Amino acid sequence: MKVTIDNLSKKFGDVIGVENLTLHIEDGEFVAFLGPSGCGKTTTLLTLAGIYKPTDGVIRFGERVVNTVQPKDRNIGMVFQSYALYPHMTVFQNIAYPLKLKKVSKADQHDRVRQVANVMGIGELLDRRPGQLSGGQQQRVALGRALVKEPDVLLFDEPLSNLDARLRLTMRGEIKHLQKDLGITSIYVTHDQVEAMTMADRIAVMSGGHLQAFDSPDELYDRPKTQFVAGFVGNPPMNFVDVSVQASNGRFFAETESLRLEVQAARGAPPASYDGPVVMGIRPEDIQIASNGSVSGEIFVVEPLGREDLIDVRVGRHSFLLLADTEDRHQAGERVSLAFDMEQAQFFDPKTEKSLLWQ
Amino acid sequence: MSEQAKSSDSSVPRGILGSNALKSYLGAYGFMAPAGILVIVFFLIPVAIVLYLSLTNLASSNFTSNLAIMEFIGLKNYQTLLNDQFARKIFFNTIFYVLVTLSIFNVSLALLVSLLTTHIDRSAGFVFRALWILPRITSPVVYILIWKRMIAEAPFGIINQFNEALGQPTYNYISTNPWVFVVVVNGFIGVSFGMIIFTSAIESIPKDLLNASLVDGSSKLQRIRYVIMPLIRWPLLFVVTYQTLSLLTSFVEIQLLTDGGPGLYRTEVWSLTAYHRALSNYFGNAQWGYGSAFAVLLVMIGVVLAVIYMRVFRFDELIAEPRVEAL
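Just so you know, the sequences run in chain order S and V. Heads up, the first sequence is in my numbering, so the first residue is 49 and it goes up one at a time. Heads up, the second sequence is in my numbering, so the first residue is 11 and it goes up one at a time.
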């Protein structure tokens, strides 16, 4: 089922939940809504679910306008962060509830619940109550309940946030696999950019009730269109420095009082023609500690991550996060020289925070 | 110091009668004393006195400054009561009054008001609930005066003025439909208690759960039936129990509205009889002993009912089981 959102706004009195959102989601696509708390992603999801009525704009499921359609008539399945299982019903009754409301016969209910329960690996738990289940089991029941009525659209509201880190990793894979298997159009709200990056076909990055970008994970990572997207997507986050980009003899240099880095023409020309200083962004993996580096600085702090060390290097009054091999055993206070891979540098307009490279 | 603490610690298992143990519990008793003394002085002792009075012939007709004249007459008052030709009528009056008021107003209407006011705009719901609380916070005398003014005979009663204006016959409602007004007047007060309990129970159901039900395909009515009602079972049973007992003992409004009339005991209820007999009998003949017998029986009925409710509704299980799943 295609989901089309055109100029959607949802306001609560004077408070803006989401404003002027336009998104076209393809049939069978897995889309993540990514953003910090209060960015409007859950509001949008609940509006899609029909819990909220849009203040403005149009939502279509397929060709059907669903703006005022009741949730029960939308044929959606939804998974909540709190699982939202009915505590007074057994697991079987929880999963069968959507079927019971659809007046499916008892025998069919039984078959379909068993089938879904087996897919979710909770076949032996059908007689238990939610209170007797672990968090991961509850999440599977919630997923089963959402899937049992074979919905046209699946909605996920931060479904993994309440699970421990290891279980989150497992469920992440399972949900992605299941979604690809069933081919149900899915919308997944999360504030965890790793979840969004790993699971989604496309990510809608939201902030302050506005859509910042809607693109594939790779596009968002390599060609962020706004400084917000650049900073939000990627972990550890991108480094930002105010620089002025100067052209001299067809070569381009990004400069501050303590830095002078050459930029390739393709990336250097747009910021050079900008009047005044710009914001340069460079990801931690694009900075190396190298003996032939062009910039020298001092290590401020080393955070071991196991596979690698996250290192904060101070260069003049700037600070850069970068990743280094744990084998190198860097220490705080050590003087190092840095090599910047300027082919990956991003440049942003400091006023509009829009990218100077990608439109 | 530490040795002393040690010895009092080790003596705890020996029971509270040991002198050391008593000492160690003294602090706890000290903290309990204010509430304990209040319960003893204002509840247990009066109950004992009433129980004793019900076994005597104490009445204003034989009352002198010498209380020794009071005679212990055993269960004679209870015998008289059982043979009282009106006791049966009053008993069934009481059952009728409690059942009808409880089922229509204190439970059903309270539930309806909470469900309606939690399904509309929040502030509007608040206003409606505030209106329903007015009868309870109004002084009973004022409240009953308002009702009396409304249902008074023509040409004074407000309802009868409407009847006249519309060309309808007028009625003396107190004599034609006394039970209707006894029930309605008490019911309007009774609604607010259940309403407050039910509303807070409904509002404390997690929002996700309510949304999940809609997404799963329920209408709002189905959601009430399958999700909200089962989740407020405990408050529902609590209100039934508590309000049964409170209706059994309430009589002020009836006393002010009909005083058990019109005629002979038409709307008289048990607790009102206890009051009439003991404190406000005809010609100032207060039968304290006989009235106490009524009161004691009422207490016993209340205790029996409470025990039955607890058994039937399995209160202990309800309390032990978590009602709303925590995260």
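The set of hints was computed from the structure by calculation and includes no laboratory data. Please read all numbers here as calculations on a predicted model, not as lab measurements. Be careful, since some hints might not be right.
Unchecked claim - Here are the computed lysine-lysine pairs in the DSSO-like style, where the Cα-Cα straight-line distance is at most 27 Å:
1. S:K148 <-> V:K86
2. S:K150 <-> V:K217
3. V:K86 <-> S:K59
4. S:K59 <-> V:K217
5. V:K86 <-> S:K154
6. S:K151 <-> V:K33
7. S:K101 <-> S:K59
8. S:K151 <-> V:K230
9. S:K148 <-> V:K158
10. S:K101 <-> V:K217
11. V:K230 <-> S:K101
12. V:K230 <-> S:K150
Claimed, not checked - If you want the footprint, here are the derived chain V segments under chain S, 3+ residues with CB under 8 Å:
13. 228 to 235
14. 310 to 318
Heads up, the beta-carbon is just placed ideally off N, CA and C, and yes, glycines get one too.
Results of checking the hints against the structure:
no.	hint	result
1	S:K148 <-> V:K86	violated (62 Å)
2	S:K150 <-> V:K217	holds (23 Å)
3	V:K86 <-> S:K59	violated (75 Å)
4	S:K59 <-> V:K217	holds (19 Å)
5	V:K86 <-> S:K154	violated (64 Å)
6	S:K151 <-> V:K33	violated (68 Å)
7	S:K101 <-> S:K59	holds (10 Å)
8	S:K151 <-> V:K230	holds (16 Å)
9	S:K148 <-> V:K158	violated (52 Å)
10	S:K101 <-> V:K217	holds (16 Å)
11	V:K230 <-> S:K101	holds (16 Å)
12	V:K230 <-> S:K150	holds (15 Å)
13	228 to 235	holds (count 3)
14	310 to 318	violated (count 0)
Checked against the numbered hints given earlier, the structure breaks hints 1, 3, 5, 6, 9, 14 and satisfies all the rest.
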